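Participant: Please build the complete structure, drawing on both the sequences and the hints.
Residue numbers (the numbering used here), protein chains in the order written: chain A, 1 to 329; chain B, 1 to 296; chain C, 1 to 339.
Just so you know, the hints here were simulated from the structure itself, not pulled from any lab data. Given the structure is predicted, the values throughout are model-derived calculations rather than measurements. Virtual Cβ for every residue (Gly too), placed ideally from N, Cα, C. Incorrect hints may have been included.
What the hints assert, rightly or not - In silico DMTMM-like links for lysine to aspartate or glutamate, alpha-carbon gap of 25 Å or less:
1) A/K25 - C/D129
2) A/K215 - A/D251
3) A/K18 - C/D329
4) C/K231 - A/E87
5) B/K219 - B/E192
To be verified - Under 8 Å between C-beta atoms, here's a sample of chain A residues computed to sit facing chain C:
6) I60
7) A105
8) N108
9) F111
10) Q118
11) D119
12) I120
13) S124
14) A127
15) A178
16) Q202
17) E310
18) F314
19) F315
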Amino acid sequence: MSKMTPLLEIKNLHVHFKTYEGELKVLNGVDMTIGEGEKLGLVGETGCGKTTTMKSVLRILPIPPAKISAGEIFYQGRDILKMKSNEVRSFIKEGITAIFQDPMAALNPVFTIGYQLQDIIKQSLKAQGQKRLSKEEVRSRAVAVLRETDMPDPERILRSYSIQLSGGMRQRVCISEALSTVAKLLIADEPTTNLDVTIQDQILRRLDKLVLTRKTSILFITHSLGVIKNLMERVCIMYAGNIVEAATTEDVFADPSHPYTRALLSTVPKLTGQGVSEGIQGRIPDYLNPPEGCRFHPRCNKAMPICKKESPPFFNVGNSHKVACFLYS
Amino acid sequence: MSKTELLVAALSRRRVNLSKGWYKFSRNPLSIFGLITLFLVILVAVLAPYITPYPEHAGAFTNLRESSQPPSLTHLFGTDTLGRDIFTRVIFGYRFSLLLAVVVLSLSIPPGVILGLIAGYYQGRWIEIAIMRITDIFLAVPPLVLALAITAMLSPNLFNQMMAISLMWWPWYCRLIYTVTASLRHEYFVYEGELIGASKTHILFKEILPNCIAPILTKMTLDMGFVIMVGASLSFIGLGVQPPKPGLGTMVADGAKRLPDEWWSAVFPAIAIVIVILAFNLIGDGLRDMFSVEEH
Amino acid sequence: MSRFIVLRLLHTIFVLFGLSLFIFFIARVMPGDPARVALGSLATEEQVQKLTEQMHLDKSFPVQYYSWLKSVLHGNLGKSLYTQRPVTTDLKEYLPATVELILFSFLISLVIGQVTGILAGYFRNSWFDGLSRLTSYVGVAIPPFAVAIFLLLIFSYILKFTPVVGRLSLTMNPPPQITGFFIIDGLIAGQLGIALEALKHILLPAASLAVAHIAQEGRITRSSIAENLQKDYVAAHSVYGIPRRSIIFKYLLKPSLIPTVSIMGLDFAFLISNAFLVEVVFMWPGFSRYAVTVMLNKDLNAIVAVVLVIGVAFAMVNVIVDIVIAFLDPRIRLRRREG
Chain A
1 MSKMTPLLEI
11 KNLHVHFKTY
21 EGELKVLNGV
31 DMTIGEGEKL
41 GLVGETGCGK
51 TTTMKSVLRI
61 LPIPPAKISA
71 GEIFYQGRDI
81 LKMKSNEVRS
91 FIKEGITAIF
101 QDPMAALNPV
111 FTIGYQLQDI
121 IKQSLKAQGQ
131 KRLSKEEVRS
141 RAVAVLRETD
151 MPDPERILRS
161 YSIQLSGGMR
171 QRVCISEALS
181 TVAKLLIADE
191 PTTNLDVTIQ
201 DQILRRLDKL
211 VLTRKTSILF
221 ITHSLGVIKN
231 LMERVCIMYA
241 GNIVEAATTE
251 DVFADPSHPY
261 TRALLSTVPK
271 LTGQGVSEGI
281 QGRIPDYLNP
291 PEGCRFHPRC
301 NKAMPICKKE
311 SPPFFNVGNS
321 HKVACFLYS
Chain B
1 MSKTELLVAA
11 LSRRRVNLSK
21 GWYKFSRNPL
31 SIFGLITLFL
41 VILVAVLAPY
51 ITPYPEHAGA
61 FTNLRESSQP
71 PSLTHLFGTD
81 TLGRDIFTRV
91 IFGYRFSLLL
101 AVVVLSLSIP
111 PGVILGLIAG
121 YYQGRWIEIA
131 IMRITDIFLA
141 VPPLVLALAI
151 TAMLSPNLFN
161 QMMAISLMWW
171 PWYCRLIYTV
181 TASLRHEYFV
191 YEGELIGASK
201 THILFKEILP
211 NCIAPILTKM
221 TLDMGFVIMV
231 GASLSFIGLG
241 VQPPKPGLGT
251 MVADGAKRLP
261 DEWWSAVFPA
271 IAIVIVILAF
281 NLIGDGLRDM
291 FSVEEH
Chain C
1 MSRFIVLRLL
11 HTIFVLFGLS
21 LFIFFIARVM
31 PGDPARVALG
41 SLATEEQVQK
51 LTEQMHLDKS
61 FPVQYYSWLK
71 SVLHGNLGKS
81 LYTQRPVTTD
91 LKEYLPATVE
101 LILFSFLISL
111 VIGQVTGILA
121 GYFRNSWFDG
131 LSRLTSYVGV
141 AIPPFAVAIF
151 LLLIFSYILK
161 FTPVVGRLSL
171 TMNPPPQITG
181 FFIIDGLIAG
191 QLGIALEALK
201 HILLPAASLA
211 VAHIAQEGRI
221 TRSSIAENLQ
231 KDYVAAHSVY
241 GIPRRSIIFK
251 YLLKPSLIPT
261 VSIMGLDFAF
271 LISNAFLVEV
281 VFMWPGFSRY
291 AVTVMLNKDL
301 NAIVAVVLVI
311 GVAFAMVNVI
321 VDIVIAFLDP
331 RIRLRRREG
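Facilitator: Here it is, written out as structure tokens:
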């Protein structure tokens, strides 16, 4: 990989949530980089902070009760956390786009699909400085982008409301919306989790194809390792608010270094061999009183005394393969 | 986990829910304020004969030498044209208001709830249609109007007022419970009850009704204030508590005739009404917050 | 959609029918002899008997109801014993005043209530929000007659800003009757002075009526906007590049107004009942004051007519509200179509 400025760089991000029970210290120093045109997967259990990270990058965190207590997020070299909201809006609007987990919630229920999609296209054109297109031209662009996601009968879809579409179609609409902007980075937050298995595959293939043709970077958030294996170049494994391992997909599967990664891989049921494994012992930590030091140490069978006291930094274990574990110091 | 452990866990969860509920309620300072205010109002109303300076003024009493006095140290809220201490009369007036609220709701909630349960359960059958159409008729006109009409046509006094308002009030609860019951009708726990042969009474009262407690409690609290408002409005027009009894609405009507010179005869009873209604509203809002499901 | 309207209308007719039966029943069943009350205590036995026959009071209930129903369907609502005129004449005279009042108050509550609600919801937890929430709590708790009295005290007596009673000061003549709305008629007829005077007279009563609604509807708008601000699609719109102004005034406003509009129907009922009190305080010569008077005087025909008019008005408003909501919220439209 060349040493260009990475497209997105998250440094030591700490995010806390204030609730009735106390303060949830969800993100505990997240470090992540995505280069231009890179396809990065972010894998972790439900509740490990993946969506919070995404929302922080997109700056759509609900600020009370959430709070960014430390850290920096650099997009194209500039710290977007330090920008004022209207600056950010113009800066990242045409740079980062996203696909959300729940397509029903991401679409405004009282407007037609066409209304929303065409509005997005219009705004995108305006932001690029192109001269205003006529209504028909915007409409045909909308039809075109829907066709890109293999939507049947795009004209009818434009006239419909989100409630009239199936889950898969809604997600495809959201993908179309995301692709209507000229984005350098696409963040996809578990885009297939709420869909039928049969649709999942189709959506993933489409995403792959689209990303290839447009040369966008993609940050793919999921809890499923299988998806990552086939589609992403690099992987970050996340646990309880920290990135614990970052490597190429090959390396992660061939040489999983962090005990958590190893445990994750072993839970994937194998059809040959000894059958279903036992799963990982213990539970994800309580964010109210997270463990001191390495947050994984209560569940780690290789925990050492230092793990209970200090949070491990990244150690290199191979070519662009980092692990946050004292085993490799 | 053994059965005992499960039971203990369930019980402690309930305790936690209650304390969490109270926490939610108490987190809202306005609701606590409402609760304290209401408590004070009830206390004062109950102890009225003992704590008011001139308890004998709360009825037919005349002392023309002291008539129409502005507020002073001897008469906190001033006196009316017959020389009666308004402060005392306001405190006694609270008794009527609270009595009205309690009686009306006690009379209207049980039949409303029962009818609503039946109608919601027997959806599509003739009994549901009958009950709901009758409810619709009552709801076609604002409660004040019908209560006004009925009270006017009978002889105007507190008792008739209570009857008229109660008659107007049960349909609201019927409709509320109907909606809840109808939505729960097809839930699994109802089907299970039917399958094992539980009696309809059991299903309605032991299964469905507990789910209605939250909305009933909230509405009931808010309604207390609202009934007092309707009652005061009726008294204001002359159809409620009759003079010389110190109904709050009646006193405002009386004082209104003598604006602006003797403003105290109208203003203080009016403020008293606002205070008690406000208290109920604040508590009701707090209850609503307490029962609402938080998204996270 | 039209099927929906037809069904609603049928339902409404049925309800009104039942309502008329109900109120008729109560009116006839109540104690006291209406004929005697109408004629006064000095009437002779013969006069009472004659009036009783005239009013069919000696016939059985179904017969009475039937004859009443027949005349209603011919547009005859009977004669008011109190005013000694046909009830329809009374209605024609008093209804416009109340309608003008209600419309004006609706306008006030719409402008003030919705604007504050939207601002409060958008600037959630700001000082403005806190202040408006506090005032709305109090606003909902004040009975309308108390509002009327407070406003009267402050504006008419202390500040001497607005007049005290009636639609116009006693020295003025009302403008030529076109709509029955003094303000509009005054403007149309070019009598600006009268129109202005009418405006001054309508301010306080309309404001008294509006207070409770501003408080109630403003609160709902506020919480609706605050809630929808948190929704995913607002974040999504922002991510996909829609400018903030557009998000607020288009994409947020429309779904947020839906809960407010749905309670407007119910609120209208309270508007009607509050009008009763406000008209009494301000001596506004309107329909509601007429209603109170005829009820106090046990004027049968008028009472029944009045209750029916209110029922019809309320039902109409509900149908309109339902249509507006179906228009605003496609989810309701579509669910109904798909059964």
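Participant: For every hint, state whether the structure bears it out.
Facilitator: Hints and how they fare:
1. A/K25 - C/D129: violated (29 Å)
2. A/K215 - A/D251: This hinted pair holds, its Cα atoms lying about 24 Å apart.
3. A/K18 - C/D329: Measuring from Cα to Cα gives roughly 34 Å; hence the hint is violated.
4. C/K231 - A/E87: holds (23 Å)
5. B/K219 - B/E192: Distance ~30 Å between B/K219 and B/E192 Cα, so the pair is violated.
6. I60: holds (4 Å)
7. A105: For A/A105, the interface hint holds, since the closest Cβ of chain C sits about 4 Å away, which is under 8 Å.
8. N108: holds (5 Å)
9. F111: At 7 Å from the nearest chain C Cβ, A/F111 passes the 8 Å test, so the hint holds.
10. Q118: Hint on A/Q118: violated, closest Cβ of chain C at ~11 Å, above 8 Å.
11. D119: Cβ of A/D119 sits 6 Å from chain C, so the hint holds.
12. I120: holds (5 Å)
13. S124: holds (6 Å)
14. A127: For A/A127, the interface hint holds, since the closest Cβ of chain C sits about 6 Å away, which is under 8 Å.
15. A178: holds (7 Å)
16. Q202: Nearest chain C Cβ about 22 Å off; hint violated.
17. E310: violated (36 Å)
18. F314: For A/F314, the interface hint is violated, since the closest Cβ of chain C sits about 30 Å away, which is over 8 Å.
19. F315: Status violated, d = 35 Å.
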